[in-house]
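Throughout the sequence shown, residue numbering follows our numbering, covering 58 to 526 in sequence.
Calculated from the structure, these hints are not laboratory results. Here the structure is a predicted model, which is why all the values come from computation and not from measurement. Among the hints, a few may not be true.
[Claimed, not checked] Pairwise CB distance ranges (calculated):
hint	residue 1	residue 2	range
1	Q452	N145	38 to 44 Å
2	N387	N432	42 to 48 Å
3	I307	M380	28 to 34 Å
4	N467	D308	53 to 59 Å
C-beta atoms are modelled at their ideal positions from N, C-alpha and C, and glycine is treated no differently.
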Amino acid sequence: MVYSLRLIIVLLPLFFISYFQQTLNDELYSICFTNLSFEDNKVSDSNNVVSEKEEEKNDNPNFNYESLVYTSSMKPISDQSFKLLKLNNDIEVILNSAPNVDECTASILNRVGSMHDPSNLHGLGFYLMNIMLSASNSDVGSGLYDFCIDNSLSLSYQIYSTYSLFHVTTPMVLLENVLKLVSEMLKSPVFTDEVMEKALNILENKTTLDNHSYNIFSTNLVLSDPKSIFTRDRFGSRDTLKTIPQSKKIDVKQSLIKFFNEQYSSNRLMLSLKCNLPIQVMQDLVAKYFNGIINKNLPINTQYKSINNLIINPLSYSVGKIMYRIDESNQTLMLLFPLKNYLQPYMKSGPIFFINNYICANKEGTLMRFLKQKNYIKNMNCHVSNDMSGFSNIQFSFNLTNNGLFNVQNIIRAFFLSINKIKDLKLDINIYNKTNQNILKEIKSSNKYFANLNSLSILNNYFKFNSSS
58 MVYSLRLIIV LLPLFFISYF QQTLNDELYS ICFTNLSFED NKVSDSNNVV SEKEEEKNDN
118 PNFNYESLVY TSSMKPISDQ SFKLLKLNND IEVILNSAPN VDECTASILN RVGSMHDPSN
178 LHGLGFYLMN IMLSASNSDV GSGLYDFCID NSLSLSYQIY STYSLFHVTT PMVLLENVLK
238 LVSEMLKSPV FTDEVMEKAL NILENKTTLD NHSYNIFSTN LVLSDPKSIF TRDRFGSRDT
298 LKTIPQSKKI DVKQSLIKFF NEQYSSNRLM LSLKCNLPIQ VMQDLVAKYF NGIINKNLPI
358 NTQYKSINNL IINPLSYSVG KIMYRIDESN QTLMLLFPLK NYLQPYMKSG PIFFINNYIC
418 ANKEGTLMRF LKQKNYIKNM NCHVSNDMSG FSNIQFSFNL TNNGLFNVQN IIRAFFLSIN
478 KIKDLKLDIN IYNKTNQNIL KEIKSSNKYF ANLNSLSILN NYFKFNSSS
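Make the full structure from the sequences, and use the hints.
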């Protein structure tokens, strides 16, 4: 029997980072939230998402500003409309009215993440998320979590280093129920012993079910500098959130209440809503349920900028090391390159475009084609991982065949030979531009692309827009 394994090799910072700079001034995708303007529904030249004119408070007391969002004149979205709002408590709202959708998607982004956890209670922020989902003030015995289970709704939530996300898919008939429960949990969570115990059970169950996310986190945990805050357990467990704190006389309930009071505020929230209701009706619903959330005017860490200017990529600690992990369901070789440069501000420009084109594309002369012909891999890919606290990693993943499993050294040797081969190439910006044009043509003719554009993808696009060029 051939046992599967996951091999992660962490190497020196990527030496061809300088090649990225050749493409930083060109956009890869224009299908995203763009600059806003009231003038003839045109894109403004400003680098700010909301122009000064739009930030002026309008006549509606429920909103600080509201604006139509520019979209290209494409047939697949000609029947849709978008709108940005800021409620009078500074919640940023993105509305997408799509008459042909049957379900509604609602997403909440909170700019509070695991880095906000107290040093003696790792995972407290995620624990609070589970408490918020477990009960509501109107029904202490049931919250959004139970409501979604009882009505077979899709609910997902996750915590990251500097922010957290909730996402719900619901039929239109239950939309107001969902909005009511979401707003209640953000206004005043319930901190009874029964709710805390229920939340711990949900937390442990989610950690077990969400094996993929936990595996990624645990890998970074092992590879990171043990002195770094990134070695914290962002999910927590019954031991770290109940048993150990009790032994140390730490009052977890008071810590949760303090965390909510000091970290949660309406001005840190972003809401995205997509459904088949008219924009005005969606506006009224959002104002009805979310204007009551208290604005504590808490400071907001600018996304994609380092919280600490002295922060160092924590995975640099493992440069040159190899980690093996036995996994019978996976045969993967990963090469991970911790970077000194922070790539998120350049993601719209496609900083790894030429790497994908010359290394990972399935075409003649590339590393991928060579390794597939050797029957070493089934496929391979490259992607950038950006932590919002201010550091980036580039990861190459090779899905190995059984033959490739016994030829890892040959794969790595071929990888660096390919890198050396393209180092001296003159990168042709015309290839970059032509590829982008073809991608946009495919998107413009794809009804599927826009049908799959739910509230979460819209929220992510908006959240990232300001920091990427």
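Status of each hint after checking the structure:
no., hint, verdict
1, Q452 x N145: 38 to 44 Å, "holds, 43 Å"
2, N387 x N432: 42 to 48 Å, "violated, 18 Å"
3, I307 x M380: 28 to 34 Å, "holds, 33 Å"
4, N467 x D308: 53 to 59 Å, "holds, 57 Å"
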